[in-house]
Structures are given as C-alpha cells and as structure tokens.
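Peer 1: With the hints as constraints, model all of the structure from the sequences given.
Line order of the protein sequences matches chains A and B.
Numbering-wise (the working numbering), the first sequence opens with residue 1 and increments by one.
Numbering-wise (the working numbering), the second sequence opens with residue 1001 and increments by one.
Reference listing, derived: stretches of chain A covered by chain B, where coverage requires no fewer than 3 residues with Cβ under 8 Å from a Cβ of chain B:
hint, segment
1, 55-64
2, 71-85
3, 112-126
4, 149-161
5, 221-233
Don't read these hints as lab results, they were simulated from the structure.
Everything numeric in this text was worked out from a predicted model, so none of it was measured.
Backbone N, C-alpha and C fix where the C-beta goes; we use that ideal spot for every residue, glycine too.
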Amino acid sequence: MSPPTSSALRRDRQPPQAVPGVGIALKHQHYRDWCDTPPPVGWLEVHSENYFGGGRPLAVLESLRADYPVSLHGVGLSLGSAGPLNRDHLQRLKALQCRIEPAMMSEHLSWSSAPGAFLADLLPLPYTPEALALFCTHVEETQDFLGRQILVENPSSYLAFDHSTIPEWEFLAAVVERTGCGLLLDVNNVYVSACNHGFDPLRYLNALPAEAVGEIHLAGHSVRLVGGRELRIDDHGSAVCDDVWALYVETMARLGPRPTLIEWDSAVPPLQGLLGEAEKAQHILGTQREAARADAG
Amino acid sequence: MPTLAELQSQMAVAILTQGAAVPATIRCDGIPAAQRLDVYRSNTLGALSDALADAFPVVCQLVGERFFAAVAQAFVYAEPPATSCLAEYGAGFPAFLAGFEPARALPYLPDAARLDWAVHRAFHAPDAAALDPACVAAIAPSHYDGLRFTPHPACRIVTSRFPVDRIWRAHHGDGDFADIDLAQNSLCRVLVDRNQTAIRLLELGDGECALLEALFAAQPLGEALAAALAREPGLELPPLLARHLQRATFSDVILPSTTDAQPRTASN
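Peer 2: The following block contains the structure:
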C-alpha cells in the first residue's frame, strides 16, 4: 500500500500499513545478532534520528528492511515546541523515509527544543487551547510534508501545569479529530502517568478513539523516591512490569489486536531479553485473536 | 499565565542552569516543583552525557567514568546542543577540555578528544560516492593547478604533537600502552575515514598532510602542492594523488572556470 498523499485521503484516517504482530526495537548493540540470525519477530522499530547519517547504522537498517517492516519512531522533531517546526529536521526525516519506505512513522505529544537548546528529553506540554492549536498545526505540517499519516505517542510525565485545562486523553482525541493522525498508545506511559498524577488508566484508555490506535508500545520503568514520594520514571531500562502486562491485556481486550513493540533503551540486555518480552506479548495477542474469533463465531 | 513560548523558554533555562527559578505554573501536588523539574534535568544531563561518552570513548577511558561524567555535565551546562541529532553533539568538547582546569595535568587530552570526534563523525557521516579516478584521468593537464577537490564527508585530518593515534589504537586493542612515550618525538598526523562501514586511521607523511589539509580547506591543487613542497621538498604528487583516489579520500573535483564563470564538477 502506498501512503496516502492528498490531504483528503489523509483525512480518511486510513490506518498505517498493517504490520504483523509483535516487533522489537533495533538497538545498535544487537546489529550483529540481527544480521547473523534474523530473529523471529514481525517488524522492527528504530529512533529515526539515529539514522540521519550514513555508514554502518544505515547499512544495517537498509539490509534489514528487505526482511522486516520498519517503523521510524522520532524523538527529536519536537512537535510541541512553540515557534516554527525545524525544517532541516523534517527534510532529513523525509530523506530517511524515502530511503527506508517505513510501514509506520511516529512522533510524541511533547516538546524537546526551546530556542538555542535541544533538551534530549520528551517534556510535557501544558494542555491548553493554545498548545492544542500549535500542536495540531505541527502535526498537519508534518503529515503534509511527509505525504502520509503519522502516529502520535502519549507521553509519560513527572509534572503537570496549573494552567492546563484539558485532560491529556481529551487533548489526544482532539489532535486525532483535527489532524487525522493516528495514535501510538504507549501502555507503560499510561500506567506511569496514571501513577504519577493519580488518574485511572482505564478511564484514559476508554476516552481514546480506539480506531485511531495504530501501534502499541510496551517497556519497563523504574521507581524513584522524589520529595519523599514515589515517582515512576519511564527509563526503558528493565522488563515490562506485571501491572503493565495486565493493562496491556485490558487494552487489547478493548481495542482488539494491534501491532505491539517492545522498547528497551537503557541497560540494554542481550537480544534474547527483548525476544522473551516479545514472546509474552505475542502470547497475549494470540489469546486476544482467538477470543475475537470465538466472539465472531 | 505564561504563553507556551514563555513557558518553554523558562523551563529550558531552569533545566540548563543550576539554581535558576522554577516556572511558577508547575503544580507541586505533594512533591516540590523544583524536584519534579529535577527529574527532567537528570534525564537531559543523562542523555547528553551518554551521547558525549559515545562520541568520546577514548577520553572517557583515559579519565575514568566519574571524571568524564563531571566534565560532560559542565560542558552540557556551558554548551547545550543546538542540534536535535545527538550523534552531532560534541564538536566543541575538545576545545572545552583544553580550558577545563581539572584536566590540565593531561595536556594530550584535547587532542585525544579531537581524534575521538573525527572517528565519531566518520562513523556517522553521510554516505557519498567516491570520486572516480577515471574522471581525474580525463582532465587536461592544463587544468591541474586550478582543481579543487571535495573531501569525502567521512574524511578528517587530525594532527597533534602527542601520539594520540597510538593511544587510540591501544584503546582499541592494537598496540601496547607501555610502548607509548609522550616525551619522545611522537607527532601524530592521521587521516581518519571509513571503508564501507569500518573506521580506518592512515598515517600521513609531512608533505602529504600539508597537501590534504590545503585541499580539504578548498585550496586549488597548485597552491596545495606548493604548501606541501614547502614542508617536504621533493614530494612526488602523482603517487600521493593515486593513493587518495584509490582510498576514496575525495567525493568530487571541481574544474577551474574557463570561459564560463561557473565551476563545473567532474562527476556531473
């Protein structure tokens, strides 16, 4: 399927090219393993910015794209920054898109850059009408520039703003409604933010437009004592915890099976560690498919 | 209420400046706002320090992880990245090290950092086709003096009065630290590039280094050769040029303008 190019087509909110089952993040620590023994996963995802250059990283990705659908997941475009989008960044993303022909492309509901500084983190937005208008403009500009739908991922956060007036789930639903983008639902982020801010994760899930969810993320997080209270930190440095697996089961029951990715970005274990998590997710997806079939029958 | 631009500017300053005021609109909700913001500061410092450790592995090994973490943090506060591509962050780190008082005892450290950076950039440089030697062979000798060579994006020259190339090799399992004598006459002159995907260090002769430095600075071949001959009288150009055409040191050559004002490139 070629990506929709016209604005009208895009607004049909066609789902991104379907990818099979469970994928895992491609980490540079595992390049050799992937090339020597292609792992039994449905697809792979990379952070787009790590492939803006050439050399070995791009050569590995180009060789793997022949065998696996690829998802380009951006962490640096900073859709939520006030001011104009970084056109140079967009150009480089488009060049990578043309070379890799990804099945899916995604960015975050967050910001990373202020004038003069890139903060290398996904910072939270105040959920205000001003931020919503700005964010939607940037999503539309990105989709128009890339000629395709993007998925927007819900963030995990450690602070909120007094002047926020819109719950995060309503903000996301409005972005989908206004721009025709899809959602990348990070179940771990829902859990982390729900714990940190004291909301019900199921309420969050129920409020999202289910048909817009094109991808699921699963990852581990850590718990840190901050100011005498527990804060959950989304560091992608461990296995998925039991509570997040349970929330994933709930999510799949509500949405039906969706392409699911295992992320792991710090303290990256051997490839087998990611594959073990992928097997668990695959088992849940399989159970979900059987249940869906039984319902249909 | 602050506008979005005001809030983001305040937060960036608060994250990148120790002791800066925390935006008043951050909700405490049981945890002081400053401590909530500290989580983001710690993420930013961690991600940027990791990016620097990735770019400067030999420097990191030379000074140890704790010292490196301290100097990396000082650098992040002094020169936060302007780029959203982390592999491109750190160009100013060697110069920062040169002025970093606690590192004074290691005078070779800034040059080791320059070599680390050259290797890092060579690794991540965009792919580009090499200049076809046949293109150069087809050029009339009357044009030679005015030729300008475009270096391949992966190529960098590093020179130092310290043997930082031998230190780099030893850190990569090639050679023994015990054989490195900083007090000896141990000049380093290397061309860093990559062969497909593997990094290579090529030792350069004195005149060869002068020639490449001039060519990489976009000087025409005639002037570059004069600079090289001043450094190394009797230097033979043809074998040097052949060696670098064969190694893919250049990606293009620009002919001197003749009747038209626009330079022409051989690969067009």
